[in-house]
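**Student:** Residue numbers (UniProt numbering), protein chains in the order written: chain A, 1 to 263; chain B, 1 to 358.
Since the hints were derived computationally from the structure, they do not count as laboratory data. Careful: at least some of the hints might be erroneous.
[Unchecked claim] A partial selection of chain B residues facing chain A, derived with a Cβ cut-off under 8 Å: (1) 85; (2) 87; (3) 89; (4) 150.
Note that the structure is a prediction, hence the values are computed from the model and not measured. Every residue, glycine too, gets a C-beta built ideally from N, C-alpha and C.
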Amino acid sequence: MRWGWQAIRLWTVLVYGFMFLPVAVVVLLSFNASQFGAFPMTGFSLRWFVELAQNDAIMRAFRTSIVLGLLTAAISTTLGVLASLALVRYRVPGANAISTLLIAPILVPEVVLAVALLLFLNFLGLHKSFALLLFGHVIFTLPFVILVVQARLIAIRRDVEEAAMSLGASPVQAFFQITLPLMLPAVLAGALFAFTISFDDITGTLFWKPGGVETVPTQIFAMLRNSISPEINALGTVMIVMTVGLPLLGAAIARHLARKSGT
Amino acid sequence: MSSVVLDNIVKRFGSFTAVHPTSLEIPEGTFLTLLGPSGCGKTTNLRMIAGLLDPTEGEILIGGRRVNDVPIHKRNLGIVFQNYALFPHKSVADNVAFGLKYRDVPKSEIAGRVQAALDLVQLPDVGGRYPRELSGGQQQRIALARAIVIEPDVLLLDEPLSALDANLREDMRVELKRIQDKIGVTTVFVTHDQSEALAMSDRIVVMSAGRVEQVGTPEEVYNRPASEFVANFLGASNILESRCTDTGRDAVQLDVPVFGAVPVPVDKAPEVRPGPAKLVLRAEKLLLLAEDAEAPGMVTAPAVVETVDYQGQTVRYFIRAGDRQLQAINMIDGHPFAKGTQVTAAFRPRDCAGLPGA
Ligand SMILES: Nc1ncnc2c1ncn2[C@@H]1O[C@H](COP(=O)(O)OP(=O)(O)OP(=O)(O)O)[C@@H](O)[C@H]1O
Ligand SMILES: [Mg+2]
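Just chain A, with the same shape it has in the complex:
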């Protein structure tokens, strides 16, 4: 029995090591002074970050990713909040079906979704464009926003909104004064989800992006085809910082807000 537990413990350590060691290596090597990605490291340097900043293609990809991520977050969050409100607060005929439909993109493999959307646009005779890329990202970030916001909205009692209206606030005023502040942590969390998922995405993006447009992940992918430059390590580090750091920051903000509102 004891021996069994030891084995499980060892196995767990190995699995996590296998998952995180490469990441650690990438981060470490991004500070390596040498051209060649090998241990032992020859010295500490920020050289690759500087080169990264001077690489036009990468900087363009970065800007594209950030703009795409921000737009995705803004649109998904707005739509997600509206959809959640409709589904939770109003009696919409077929609410369950709509809910399932909106959540479906999480359940469908991304490749299938990507191909389907592409085929659909072909069928409509539309060309790939940045707008299409944005559309695709909105479709598969929306479920996350809806799930998070809906869960929160269900927990906000209807009677606080009714109390606000009884005191003279119109339904719109009651929403902005009461409902929105109470669900703000969830809205922020949803927006962060949408941004990070969009920023990270490669599968759908590869299918949908028009020629000449690269996001950070597709740029890395393209660079890898030529050679393994240490710049990629630096880029990887930056991405890790963004995709791990942002949600942590978001969670901290959400917790702070939640503490303030006492819920």
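Guided by the hints, dock chain B with the ligands onto chain A, whose structure is given.
**Tutor:** The following block gives chain B with the ligands in isolation, referenced to the frame of chain A:
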């Protein structure tokens, strides 16, 4: 302050009728209670007055004005919800000030009025706290302060005390009544607790299954129940099948099995006509005496104690008189009767009420 009139309102949810045609007049300044068991449509009525539900039929008038098409935020009502419904992200002072923002109250006056409302509910120092930093009873007071600070035309309360524990509930009951007396606002109070209703109301509306059973002062509905339902809902009553043999000018003669003739005052049995009738005898009006005791002026019958339910100051007996089981709630004088004791069950005719029989 305004009167409220419900004119033949009906509420249906799909094919289910939650409120059957109901008409009510609530004069200005009245404390009116909607009393009835769970699901009888009290909340539905209140929400229709509030504007949170549209009546399917009929009209609602507040201060003489038809408000069917006036949305809730324009009705100028103070509503206190069962679970307080304070805004958790706003301080107590901001909660109370909330309604003032939507009225033309100069900024300089707001703080003063908030403080006055907090003083009125006897929580002058909690303005800076958040709702979660208050006890349940305190939250309830703040909810009340928030509702009355806007000087509403009507105050609506849906079981505002039911989330409080028993002792606090009695304190708050007195407190609420004091505040209502002081500001004199027309109040509609919803409860299923008969002692709350009796203690606080000017008028009680007893409801059952979406219908009004009786409207009257607490004394009227208690002493002169208009139906068997009312008699049973307000305290424990014994309903005895009987026959009316004669309706005189002062009294109605009821012939009750085991007990014999009972002359019930006419004003307590206005609907009774010769023929089948029912005698309503409250459990606390049925006295148990020693078997051989004299009971001048009372109607008596021999009985056996079957169950003794000791409650401290009072004791509740179930006794058998003839083939009927009866309930009696008596103050304890010395020792309670033991189970199996032969006793004399006695009551005064003027403590009874009469209802027409089936
Ligand atoms: N939105 C609704 N849809 C369908 N039926 C409803 C709705 N609201 C209330 N009802 C029904 O109407 C009836 C009256 O409900 P209401 O809430 O007025 O009862 P109540 O007297 O306030 O009871 P309680 O003391 O339990 O609060 C109930 O049978 C309830 O099931
Ligand atoms: Mg109710």
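**Student:** Does each hint hold? Answer for all of them.
**Tutor:** Here is how each hint holds up against the structure:
1. 85: Given a least distance of 4 Å, the restraint on residue 85/B holds.
2. 87: Holds - the Cβ of residue 87/B comes within 8 Å of chain A, reaching about 6 Å at its closest.
3. 89: Given a least distance of 3 Å, the restraint on residue 89/B holds.
4. 150: Interface hint status for residue 150/B: holds (6 Å vs cutoff 8 Å).
Of the numbered hints given earlier, the model fails none.
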